[in-house]
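Peer 1: Chains R and G are the protein sequences, given in the same order. So in this note's numbering, spot 88 of the first sequence is number 88, and the numbers just go up one at a time. So in this note's numbering, spot 93 of the second sequence is number 93, and the numbers just go up one at a time.
Check before you lean on any hint, since a few could be wrong.
[Claimed, not checked] Pairs of lysine-lysine residues, derived as BS3-like cross-links and limited to a Cα-Cα distance of at most 25 angstroms, are as follows:
(1) G/Lys107 to G/Lys70
(2) R/Lys41 to G/Lys107
(3) G/Lys99 to R/Lys71
(4) G/Lys42 to R/Lys19
(5) R/Lys40 to G/Lys42
(6) R/Lys44 to G/Lys67
(7) R/Lys52 to G/Lys99
(8) R/Lys9 to G/Lys42
(9) G/Lys107 to R/Lys9
(10) R/Lys36 to R/Lys67
(11) R/Lys41 to G/Lys99
(12) R/Lys44 to G/Lys99
(13) G/Lys2 to R/Lys40
(14) G/Lys107 to R/Lys44
(15) R/Lys22 to G/Lys42
[As the list claims (entries may be wrong)] Examples of chain R residues toward chain G, derived with CB under 7 angstroms:
(16) Lys41
(17) Ile56
(18) Gln105
Read the hints as simulated data drawn from the structure, not as lab findings. Backbone N, C-alpha and C define an ideal beta-carbon position, used for all residues, glycine too.
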Amino acid sequence: DTAVSQTPKYLVTQMGNDKSIKCEQNLGHDTMYWYKQDSKKFLKIMFSYNNKELIINETVPNRFSPKSPDKAHLNLHINSLELGDSAVYFCASSTPQGAAAFFGQGTRLTVV
Amino acid sequence: QKEVEQDPGPLSVPEGAIVSLNCTYSNSAFQYFMWYRQYSRKGPELLMYTYSSGNKEDGRFTAQVDKSSKYISLFIRDSQPSDSATYLCAMTLIGGYQKVTFGIGTKLQVIP
Chain R
1 DTAVSQTPKY LVTQMGNDKS IKCEQNLGHD TMYWYKQDSK KFLKIMFSYN
51 NKELIINETV PNRFSPKSPD KAHLNLHINS LELGDSAVYF CASSTPQGAA
101 AFFGQGTRLT VV
Chain G
1 QKEVEQDPGP LSVPEGAIVS LNCTYSNSAF QYFMWYRQYS RKGPELLMYT
51 YSSGNKEDGR FTAQVDKSSK YISLFIRDSQ PSDSATYLCA MTLIGGYQKV
101 TFGIGTKLQV IP
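My request is simple: use the sequences and hints to build the entire structure.
Peer 2: Encoded structure:
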């Protein structure tokens with residue numbers, strides 16, 4: 001059973017489109033995250049949610065909107081996609097007491 | 001200056017060698033230190049998690065933290081071809097959903 005699962009795994013879309021990435025964790029964790037890994041492989045936090053409440057928003061453009069319907073799910077919606085949004089997006093989860101996170105397999109987004 | 005500095009490599013070693021991977025950091029308030037392993041096109045996987053200064057051993061892996069020097073290390077003994085991956089150091093101010101800051105990762109290749 002996959003601990004943190006994301007869909008889709010690959011996403012190719014045109015500039016200006018709106019797309020969503022879904023994430024689910026079955027670890028019972030209260031805290032979930034979205035990370036972005038750019039072409040240089042640098043991994044940077046975008047958002048974190050604790051028990052459905054937004055905790056961290058790392059100066060991400062407001063075209064990116066996370067939504068947490070419950071503590072096991074954290075989705076990422078992106079409006080008006082730009083070429084620079086092309087990257088791998090990782091969902092992760094952890095307990096509030098533990099900074100160490102469990103990552104999903106990633107969603108490789110390509111904007112053309 | 002980046003908060004966390006890590007040599008991206010690549011680092012090539014023969015099978016059986018002892019591998020030393022390192023990170024330096026600038027923020028003396030970092031308290032939790034992690035090492036992740038990331039295989040190509042996969043999500044990061046937590047390897048080691050330590051709090052404050054000291055050593056921690058798990059099988060062939062040893063993590064060291066020297067807070068006085070702001071320097072952390074990961075040692076891999078008896079390296080195997082299956083250890084070939086990118087190793088990312090990460091650290092955070094306190095446990096939980098506080099922002100985790102990653103190094104850029106060191107690409108390791110273990111040659112049979």
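Peer 1: For each hint, tell me whether it holds in the structure or not.
Peer 2: How the hints compare with the structure:
1. G/Lys107 to G/Lys70: holds, 22 angstroms
2. R/Lys41 to G/Lys107: holds, 10 angstroms
3. G/Lys99 to R/Lys71: holds, 19 angstroms
4. G/Lys42 to R/Lys19: Distance of about 22 angstroms is within 25 angstroms: holds.
5. R/Lys40 to G/Lys42: holds, 15 angstroms
6. R/Lys44 to G/Lys67: Within the cut-off at roughly 23 angstroms; holds.
7. R/Lys52 to G/Lys99: holds, 17 angstroms
8. R/Lys9 to G/Lys42: Status holds; Cα separation ~10 angstroms.
9. G/Lys107 to R/Lys9: holds, 23 angstroms
10. R/Lys36 to R/Lys67: holds, 16 angstroms
11. R/Lys41 to G/Lys99: At roughly 18 angstroms apart (the allowed maximum being 25 angstroms), G/Lys99 and R/Lys41 satisfy the hint.
12. R/Lys44 to G/Lys99: holds, 9 angstroms
13. G/Lys2 to R/Lys40: holds, 15 angstroms
14. G/Lys107 to R/Lys44: holds, 18 angstroms
15. R/Lys22 to G/Lys42: holds, 17 angstroms
16. Lys41: holds, 6 angstroms
17. Ile56: Hint on R/Ile56: holds, closest Cβ of chain G at ~6 angstroms, below 7 angstroms.
18. Gln105: holds, 5 angstroms
Hint violations for this structure: none, all hints satisfied.
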